[in-house]
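S.K.: Based on the sequences and whatever the hints tell you, model everything.
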Amino acid sequence: MRKQLIDLRAKMQEHHIDVYLIPTTDFHESEYVNDYFKCREFVSGFTGSAGTLVVTMDEARLWTDGRYFLQAAAQLSGSGIDLMKIGEPGVPTIMEYLEQTLTGDMILGFDGRVCSSGKTFDEKFNISTDIDLVDEIWDDRPQIIPSEIYPLGLSVTGESSDSKLDCIREFMKEKNADYHLTASLEEIAWMYNLRGSDIDHTPVFFAYALITPDEDRLYVMDETFITGCGGSLSSKKGYAEGNTVLPYGRFFDDISKLPAGTMLLNESITNYAIIRSLPPEIKTVSGENPASLFKTVKNPVEIASTKAAHIKDGAAMAEFLYWLKSNIGSLEITEMSASDHLDSCRRQHGAFDLSFGTISGYAENGAIIHYSATAETNKALQPEGLYLVDSGGQYPGGTTDITRTVALGPLTDEMKSHYTAVLKGHIALSSAQFKPGTTGAELDAVARQPLLDAGLNYNHGTGHGVGHLLGCHEGPQTISPRGKLHAIEPGMINSDEPGVYIEGSHGIRLEYEILCIDLENGFYGFEPITFCPFDRNAIAADQLTDDELAWINDYHAQVYEKISPLVGDDVREWLKAETQAIER
Numbered sequence: 000m001r002k003q004l005i006d007l008r009a010k011m012q013e014h015h016i017d018v019y020l021i022p023t024t025d026f027h028e029s030e031y032v033n034d035y036f037k038c039r040e041f042v043s044g045f046t047g048s049a050g051t052l053v054v055t056m057d058e059a060r061l062w063t064d065g066r067y068f069l070q071a072a073a074q075l076s077g078s079g080i081d082l083m084k085i086g087e088p089g090v091p092t093i094m095e096y097l098e099q100t101l102t103g104d105m106i107l108g109f110d111g112r113v114c115s116s117g118k119t120f121d122e123k124f125n126i127s128t129d130i131d132l133v134d135e136i137w138d139d140r141p142q143i144i145p146s147e148i149y150p151l152g153l154s155v156t157g158e159s160s161d162s163k164l165d166c167i168r169e170f171m172k173e174k175n176a177d178y179h180l181t182a183s184l185e186e187i188a189w190m191y192n193l194r195g196s197d198i199d200h201t202p203v204f205f206a207y208a209l210i211t212p213d214e215d216r217l218y219v220m221d222e223t224f225i226t227g228c229g230g231s232l233s234s235k236k237g238y239a240e241g242n243t244v245l246p247y248g249r250f251f252d253d254i255s256k257l258p259a260g261t262m263l264l265n266e267s268i269t270n271y272a273i274i275r276s277l278p279p280e281i282k283t284v285s286g287e288n289p290a291s292l293f294k295t296v297k298n299p300v301e302i303a304s305t306k307a308a309h310i311k312d313g314a315a316m317a318e319f320l321y322w323l324k325s326n327i328g329s330l331e332i333t334e335m336s337a338s339d340h341l342d343s344c345r346r347q348h349g350a351f352d353l354s355f356g357t358i359s360g361y362a363e364n365g366a367i368i369h370y371s372a373t374a375e376t377n378k379a380l381q382p383e384g385l386y387l388v389d390s391g392g393q394y395p396g397g398t399t400d401i402t403r404t405v406a407l408g409p410l411t412d413e414m415k416s417h418y419t420a421v422l423k424g425h426i427a428l429s430s431a432q433f434k435p436g437t438t439g440a441e442l443d444a445v446a447r448q449p450l451l452d453a454g455l456n457y458n459h460g461t462g463h464g465v466g467h468l469l470g471c472h473e474g475p476q477t478i479s480p481r482g483k484l485h486a487i488e489p490g491m492i493n494s495d496e497p498g499v500y501i502e503g504s505h506g507i508r509l510e511y512e513i514l515c516i517d518l519e520n521g522f523y524g525f526e527p528i529t530f531c532p533f534d535r536n537a538i539a540a541d542q543l544t545d546d547e548l549a550w551i552n553d554y555h556a557q558v559y560e561k562i563s564p565l566v567g568d569d570v571r572e573w574l575k576a577e578t579q580a581i582e583r
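Take 0 as the starting number for the sequence shown in this note's numbering and just add one per residue.
Hints in this document: simulated from the structure, not taken from any laboratory.
From a predicted model like this one, the values you see are computed outputs, not experimental measurements.
Just to be clear, a hint being listed does not mean it is correct.
[To be verified] Pairwise CB distance ranges, derived in the manner of DEER restraints:
hint, residue 1, residue 2, range
1, 339, 452, 34 to 40 Å
2, 223, 57, 35 to 41 Å
3, 575, 375, 27 to 33 Å
4, 296, 346, 28 to 34 Å
Don't be surprised by glycine CBs; every beta carbon is placed ideally from N, CA and C.
M.R.: Here it is in C-alpha cells:
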C-alpha cells in the first residue's frame, strides 16, 4: 500500500471525514494541469490525464476511462487502490458508489476549488469542501510560478478582443444576464487574445474573468502584466479597451460583494468555491459559456493560420519518419529517444512547445491507448512490428495533433489487416458527406462501422475538437458516442482517429485533423489539414475498395505537393517514394 494513502487516511480521521474525493483538475476545471495540482497522481501513482480517486477508511477506488485501462492496471498494482473501469458492465458510477457508501451522518470531503458544482454532491450528502487534505501530506509540493502573459495579433486571431466581448455581451443580453463569469483558462485566453504558459503544452495563464454589460474584470497572477497594463488593457496594444486587470487573489472577495443580479455561467465547469462565494442575491443561469460555443468555429484567418502550421508540422513528421526508417536496426532507438527526436524536428520547423506529452509506444506498449514511456517501460525499437506515435505541436500559427503507426519491419497478416481496417474507418469519416444538424455521435458511427464489420472496435471516441493556439482537446462538440448534443458545423476543426488495440501485441491509431466545410450542395463534409503519409508497408491494398484506394492515392499526392518544398533532398526523395500511387 502507498504511504500517501496511509497518510491521507490519518488526515481524514483527524478532520472527521469519512470519504475523500480527489479529481484530476485545477481551480479552472482544466484537462491538463500544472504540477501543483497533480494531487490524484501524488496519492495514487497513476499518471494518466483523466481519473478520480475516492478514498474511504477501508478501501480506495480510482475511476478512469478506456484510454487508460491498461496503464492504470499496471500503475495501481500493489497500491491498495482498486481500478474502476468506467462504462464496463457491473462498474458503478462514482455517484452510485457514494450513494452506497455514505450513510447516516457520514461526511464526504473534497477541495471545493477543484471540484465542479455540476456534480451536485451537496444535494445528496453531507459535504466538507474547504480543506485540501493532500496539501497537508505533500511536503515537497511544486509551487505555481506565474508565466508571462503575451498578446496575439490579428494576423493569427482574425478578430479583436473588443469584437469577441461584444458578441459575448449580446449573448448575455439574450439570456437576460447582468453578469457572466468564466474560470475556463482557454475561454479567457481566447476572449482576450492573450496567451501564457502556466500549464505545460497548453498556452494559457491562470485567470478569472467577470463580464458585465459595461465592464470587464480580468484577474491574473502575473503582476508584471498588471503593472505593464497600468491596471487596464489598452486597445492600442490589441487588447480590449476599458478592461480592468486585477490580482488573481482578489477574485473571491470581489464576487462575494456583487450587487443583486443574474449570473450566466456553466455550473458543470465552475467549482464549488465560486458558487458558494456568490451572494444569495445573485441568481444563476447555467448553460454553455458563450466563448466555448464561439471559439470552436474558426474564422478564415484562424483557418489559414492553422493550415500553415500544419504544413510545417507535416514536414517535421516527414523528417522524423525518414530518420526512423533509415536508422532502425543500425542505431539504438528507444521510445523515449524517438520522442525526443520528433520534438527536435518540430522545433526546427518553428514549434515553441508540444501540444501534449508525446505517446511513443512500440509493440505491446502501442496497445496502451494513452501510454507514456518511462525509464522502467522504455522499449528499444526493433526492425519488426508496429510503432505508434501520437504527437502534436504548438506553433505561432496554430495547434497540431497527429498519430501515425509505423511498420518498422516485417508485419504479420493480422497486423496488416488491422491497420487496413483502421485506415478504412479513417477514410470513412474523412469522406463523409452529411446534412446540417448531424451530431458527432452519428459521425462516430460512420468511422466505427468498417472496424465493426471486421469484428474490431476501440474504447475511445473517434474525434475531438482542436483549439487554435489553445488546448489540443476542445469542446463542446465531440465525434464520439457521447457527442449527441452538438452538431458538427463548418469552421470546426476536429481529429479523425479510429484505432485497434490488441493487448500484449500491438496498437494502431491513424489520426489527422479535419476541417468541416460547406459543400454547397446541401451537405457538409471534411477537408484534411494534416499532411503526412500513411505507411504503405502496413496497408493490405486488396482489402481496400476502389474508392478507398483512390482516396489514399489522392491524399498522398497532396502530401507530397504541400510538404516536399519544406524538406531536404534526401527526405524529399523518400517522401516521393512513400506517396507514389498504391496499386493492388
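S.K.: Are the hints correct? Go through all of them and say.
M.R.: Outcome of the hint check:
Under the hint 34 to 40 Å, the C-beta atoms of residue 339 and residue 452, about 39 Å apart, fit the expected range. About 49 Å separates the C-beta atoms of residue 223 and residue 57, a value inconsistent with the hinted range of 35 to 41 Å. As the Cβ distance of residue 575 to residue 375 is approximately 40 Å, the hint placing it in 27 to 33 Å is violated. For residue 296 and residue 346, the hinted distance range of 28 to 34 Å is satisfied, since their beta carbons lie about 30 Å from each other.
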